[in-house]
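Quick mapping for you: the protein sequence lines, in order, are chains A and B. Those letters in the first sequence? Residues 0 to 543, per numbering that gives the first Met the number 0, in order. Those letters in the second sequence? Residues 0 to 130, per numbering that gives the first Met the number 0, in order.
Some hints here could point you the wrong way.
[What the hints assert, rightly or not] With a straight-line cut-off of 20 angstroms between C-alpha atoms, the simulated EDC-like cross-links for lysine to aspartate or glutamate are:
| no. | chain 1 | residue 1 | chain 2 | residue 2 |
| --- | --- | --- | --- | --- |
| 1 | A | K166 | A | D488 |
| 2 | B | K97 | A | E322 |
| 3 | B | K97 | A | E325 |
| 4 | A | K42 | A | D384 |
| 5 | B | K97 | A | E455 |
| 6 | A | K442 | B | D119 |
| 7 | B | K74 | A | E470 |
Source of the hints: derived by calculation from the structure; they are not laboratory data.
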Amino acid sequence: MGVAKYIKDEKDAIKEVIYQSGIKVKPVYTPKDLAAIGFDYDKDLGNPGEYPFTRNLHPQGYRSRAWTTRQYTGFGTPQETNERFKLMISHGQTGLNVAFDLPTQMGYDSDDPKALGEVGRVGMAIDSLRDFEIAFEGIPLDRIGSGLTINAVASIMLAMYQATAEKFGYPKEKISATPQNDILKEMIGRGAWIFPVKQAVRLVGDSIEYSVKELPRCNPVSICGYHIRESGANPAQEIACAFEIAKAYIENVQSRGLAVEDFVGRFSFNLNVFGNLWEQIAKFRAARKLWAKMLKEEYGVQEKKKLFLRGLFGGGGSGLTKEQPENNIMRGAFYALGAALSGAQTTALCSFDEAYTIPTPRAALLSLRTLEILMDEVGLRDTVDPLAGSYFIETLTKQMEEKILDEMKQIQNVGGMVHAVATGFIQRKVTQQAYEYESGIQKGEYIKVGVNKYTEGSEAQTDVDLHEYNEQWADTQVASLNELRRTRDNREVQRLLKALKTAARDGKNVMPALVDCCRAYATVGEMAGVFRDVFGEWQEPSIF
Amino acid sequence: MSVKKIKVLIGKPGLDGHDRGAKVTALALRDAGMEVIYTGLHQTVEQIARAAVQEAVDVVGLSIMSGAHLPICQKLLELMKGEGIEEIPVVVGGVIPKQDIPKLKELGIAGVFPGGTPFDQIVDGIKKVIF
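So here's chain A without its partners, still in its complex pose (with noise of 0.2 angstroms):
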């Protein structure tokens, strides 16, 4: 994707720049123009760690602590995936990310026939505790965080992490996971739902009132501007989707009788870094601030790190291309410096061969090391948000507040983020972006090199090493299934199973009885066939 159109006059001299987010770029910026904005220190920006903290969460940013990086892992069964994990821990690497099979995000055993050629190809395979027993094996949980990225399961994702922990020892209050448990996005973009949307809210609400209540290390819930930037969101629109989609879980759980103030701190945000370098900068910077001032202008939060919007700054995966896959690695350096340069405090990249494969190792490994040149090389961790004051950078700051809240007025407009997705006002907007991004790059009215300038004409010819599926893998996995459905006690399993469909049925909080499955061996299959059972699967809108 291009990051903003450039009109330009016969002699190449560029006469308009309009960023994504539908802002237009001046040639030269001076004091008039913090002037003109009113721009005021203290209440705009404040010192780092001050609020309402649009330099950074922190007094010194990256001078105390250097930004967690947590590469995207997991493929092939438990075994591979324990494998990987442990390699990328001994490269540096201090927090997983880890990736599920279609399968085990859809609610399928790997025996289902639904899960046919899928068993362990984009993520690994689970289908009980045995499964997340391989793939911890060895790894310190009360050390290192997992960020689980499933959606429609996550409730029994989180149940089995705590149930993998006790059995290894850990006691639940040490445990840190983050399942991204972001179903509404699912329904913009990604499609991993399964529920329908009144329903999978619920879930979402369930677990994150048990971690507040039972976990007090997790985060039960990531919310993920990142897929519908993806899918077609420009910038300020990808932040008011997740805002607006935070709204809709922060009102289910407060509907429970809990206090905003007393879970909203759990939350974290999974937000994209592909595009214009300086809008992005402006993006995270406008974001941070916003997030803090909703949170205590409408929802009255107090405590400081409560206003706090935590969270993965990376990906940056629409901005990669398949032709010329080797620009992509400087691509995903310049993405990652927009994400230092606004303080991300936890980030990741796409690898550059990721519009082919799964990465392959080395080129995960790459990746990882683009992200330690910029914390120990190039001067990254000098100083705390080295941007602030800049006459343009403040300008588009405030800029980007008001597109945000200009799209998120649009979204209350429809009736809020649940209701926009039902009807499919959000998805029927994204998509038309999309097909327009594409015809715009088609035209070359956005340019991408190697895609529609300085292309060599033998693009789609690269070679690059393709991660190999093995078919082995869904025979070992399904195996290992048959096996287990052997040996556990299937009596205590029905029982449970049982427990699980009453809580659901009667509108209890269900991740108890899921972890009482859980650590019975029940399969993800039998405990997403029970909410299949009681609540129905979701009809898309159509869009069309």
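Following the hints, position chain B against chain A.
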């Protein structure tokens, strides 16, 4: 004299939900004057074959990102044969490594449009496999 519109079924088989490509292509084909039916996500190949029969489409387009294109295409083509609609051409788009293109063609896939194929090439490609 009016020319009959080409009727295309865009199918999203399997569990993968990355549907930006499918939806964007649907809009492009529609802008090119075709009638487009989109199955929605998480379709089984059986559902896609049935929809192709019911809607009496001229061509079936599959969008596959997960890497499972070979088993999915093979199964769909077998089913279509069983339904007696093997004359409807099937084309595929998505994340398709180039070494798999001959394998897909060998299975009987009429056209392959890997991610990044310009819209006009997809439109022309579809016209070519029909006429």
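Here is how each hint holds up against the structure:
Taking the CA atoms of A:K166 and A:D488, the gap is near 17 angstroms; set against the 20 angstroms cutoff, the hint holds. With a C-alpha separation of about 13 angstroms, the suggested pair B:K97 and A:E322 falls inside the 20 angstroms cut-off, and the hint holds. Simply put, B:K97 and A:E325 have alpha-carbon atoms about 17 angstroms apart, close enough for the 20 angstroms limit, and the pair holds. The suggested pairing of A:K42 with A:D384 holds, with an alpha-carbon distance near 16 angstroms, which does not exceed 20 angstroms.
A threshold of 20 angstroms between alpha carbons decides the hint, and for B:K97 with A:E455 the separation of about 18 angstroms falls inside it, so the pair holds. A threshold of 20 angstroms between alpha carbons decides the hint, and for A:K442 with B:D119 the separation of about 11 angstroms falls inside it, so the pair holds. Restraint check: the Cα-Cα separation between B:K74 and A:E470 comes to about 16 angstroms, which is no more than 20 angstroms; the hinted pair holds.
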